[in-house]
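Enquirer: Residue strings, one per chain:
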Amino acid sequence: MTLSLRSLSLALGMAIVGLLIVLMLFGDVAMSGDMWFDAFFRWNSLPAEIIWGIRLPRNLAGVGVGAMLGMSGALMQGLLRNPLAEPGLLGVSAGSGLGAALAIVFGLGLTPFAVEGFALAGAVLVAVILLVFVQRFPQRQSLILLGVGLSSLCGALMALVFNLSPSPVTTSEMLSWMMGSVQNRSWYDVLMCLIGLAVVSGLSLRLGKGLRFLTLGEETARSMGIDMTRLTQVIVIGSSLLAGLSVSVAGVIGFVGLAAPHFVRAFGIKDPFTLIWPSALTGGLMVLVSDGLIRLLPPTADVHLGVLTSLVGAPLFAILAYKSARSWMQD
Amino acid sequence: MPNLRLQSVSIKLGRDIVVHEVSAELAPGRLYIMVGPNGAGKTTLLKAMTSLISLQSGMISYNGLDLALQRPGVRAEHIAYLPQERSIAWDLSCVDVAALGAQHLEPELARQKAFAELQSLGLQEVADRGVFKLSGGQRARVLLARVMASPADVLLLDEPLIALDPAWQRQVLIRLKQRAEAGQTVILSLHDLHLAAQFADTVLLMDKGRLVKMDVPEKIFVPSLLSEVFNLKGELIAGEGQKTLRLESLPLL
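Going line by line, the protein sequences match chains Y and D. At the far end of the first sequence sits residue 343, using the numbering used here, and the numbering has no gaps. At the far end of the second sequence sits residue 268, using the numbering used here, and the numbering has no gaps.
These are computed hints drawn from the structure, not numbers from a lab. These figures come from a predicted structure and were not determined experimentally. A couple of the hints might just be wrong.
Lysine to aspartate or glutamate pairs mimicking DMTMM-like chemistry, simulated, CA-CA at most 25 Å apart [stated by the list, open to error]: (1) K221(Y) to D106(D); (2) K335(Y) to D106(D); (3) K282(Y) to D143(D); (4) K282(Y) to E100(D).
So the derived list for chain Y, only partly shown, Cβ under 7 Å to chain D, looks like this [what the hints assert, rightly or not]: (5) T227; (6) T232; (7) S235.
Covered stretches of chain Y (in silico footprint by chain D; criterion: 3 or more residues with CB under 8 Å from a CB of chain D, positions within the stretch not fixed) [said to hold, decoys possible]: (8) 216-225; (9) 236-245; (10) 273-285.
From the three backbone atoms N, C-alpha and C, an ideal C-beta is built for every residue, glycine too.
From just these sequences and the hints, can you work out the full model?
Expert: Structure representation (structure tokens):
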């Protein structure tokens, strides 16, 4: 099916708003008519806290995290000209996860903003290494190799942290973080997502020519006046910021960054610049749907968001891949 | 008046000097075809003329200004380049790919310009089709249309006839010759010596990184040079507006 950018964005936006409203209506606490009245007109009441302090920030954080992952994935795929690229490819997510694991193992799990801060610091450290490297070797193959190396290193260090973890409680806490969640997220987390999305949207506005020319290869892009080092740096900064913030807000959520741009392409939007924003909307919707499904499950099930995004997304992605493969066979 | 001037250009890739002291003056209105065996330095020299490769020594200037000192965006307005790499990462429509060459125009005008170039290369019926659904030859013509849609007055094309059938090879050379006659400087590399002999205004004969000779085809495709550079026996026969190159293999050295 082919949709224009406007129609697709509108449809995704409406789906997100509709789902946000539905998810506001339902939750662990059944809301009576009086409680809804209190929620809207008595700001210090418990119902108001449930709606505006718990449900809305959780849902918005889910949309924000998904949007950051979707946008980051679109940027990475555009830069690396590779449909398999995703935010985790360059090691930023792994660096961020390592930061969070260290904060937990140092006993800072309950300290406000400590895990988030450490997660962000891990992402920043990996991003700085990437940027220093890009300055000298801007070719995408070199970048992918370094990213895979950094990702493996951070993964190994994380395994070491697990290995040396002082108690099963700490290990369980780290595992829980690794599997991602937007439960009990606050307006602070929503603000983090908004800042990340606004900053990277601003950075991305000037990437149109670069990403489009890059469709024809690095040599062509350079011959058409694109400064590849600068383009790579801007995208590495933007993508790392988004991936780092998403891990710091919700832990590790896989698959969204990889799949969101593919879903947008399935609707006929192939331009690597144009699909940045619909990919963000798609990512937001994917996480919101997954989180909504988690809330349908009994609380004892304790299924994590990162697990469900992959469980829901992977079969859909497989269908998409099958359709693409079939259309290529027919050519 | 030449608009592209190469002065004692030498280029080093890794430890090897792959282009030695090449000097040439390339003027608008002519179709230049660069020929030479594999590894002669044709692609390297074309890349240097686009500033994709830095020079070891010497200078390449465009309208008297050192290319290396020009901002990439400004240089790209004057020099368009078709590399040998023909990959297209995303399944954009043909017209969208060709329109990438006309980014100096408003989007709608760029699409019109792109469509006109696709039409001139026989692709009007597939203009809205995704490039992944095209044959190799059609895709090569789409990429050529991107270069043709550019406002540049110097066109550099590295093996533009790869994947094209014999009819389209000739058609493309006719289009490029028309561009040259209209005032652009067109420089391309080619392996087909027959086509080079028929279409070139000037041939640049490269061998082992050196510009052996730059002259009209009649003075390039002579037995001594064909034997020395290509290890071929042959000669160019001209008559009644036709040029025919007769070639025979010599025993391998």
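Enquirer: Run every hint past the structure and note whether it holds.
Expert: Right, here's what the structure says about each hint:
With a CA separation close to 17 Å, the supplied pair K221(Y) and D106(D) stays within the 25 Å bound. Between K335(Y) and D106(D) the CA atoms are separated by roughly 15 Å; this keeps the pair inside 25 Å, and the hint holds. Annotation: proposed proximity of K282(Y) to D143(D) holds, straight-line Cα distance about 13 Å (limit 25 Å). With a C-alpha separation of about 21 Å, the suggested pair K282(Y) and E100(D) falls inside the 25 Å cut-off, and the hint holds.
Taking 7 Å as the C-beta contact cut-off toward chain D, the hint placing T227(Y) at the interface holds, the least distance being around 5 Å. At a threshold of 7 Å, the smallest CB-CB gap from T232(Y) to chain D is about 6 Å, leaving the interface hint in force. Below 7 Å, beta-carbon pairs count as interface contacts, and S235(Y) has one with chain D at about 4 Å; its hint therefore holds. Taking a C-beta to C-beta cut-off of 8 Å, the region 216-225 of chain Y contributes 3 residues in contact with chain D, enough for the three needed, and the coverage statement holds.
Against chain D, the region 236-245 of chain Y contributes 4 residues with a C-beta closer than 8 Å to a partner C-beta. That satisfies the three-residue criterion, and the hint holds. For a cut-off of 8 Å, the count of residues in the region 273-285 of chain Y with a CB near a CB of chain D stands at 4, and the three-residue condition holds.
Taken one by one, the earlier hints all hold for this structure without exception.
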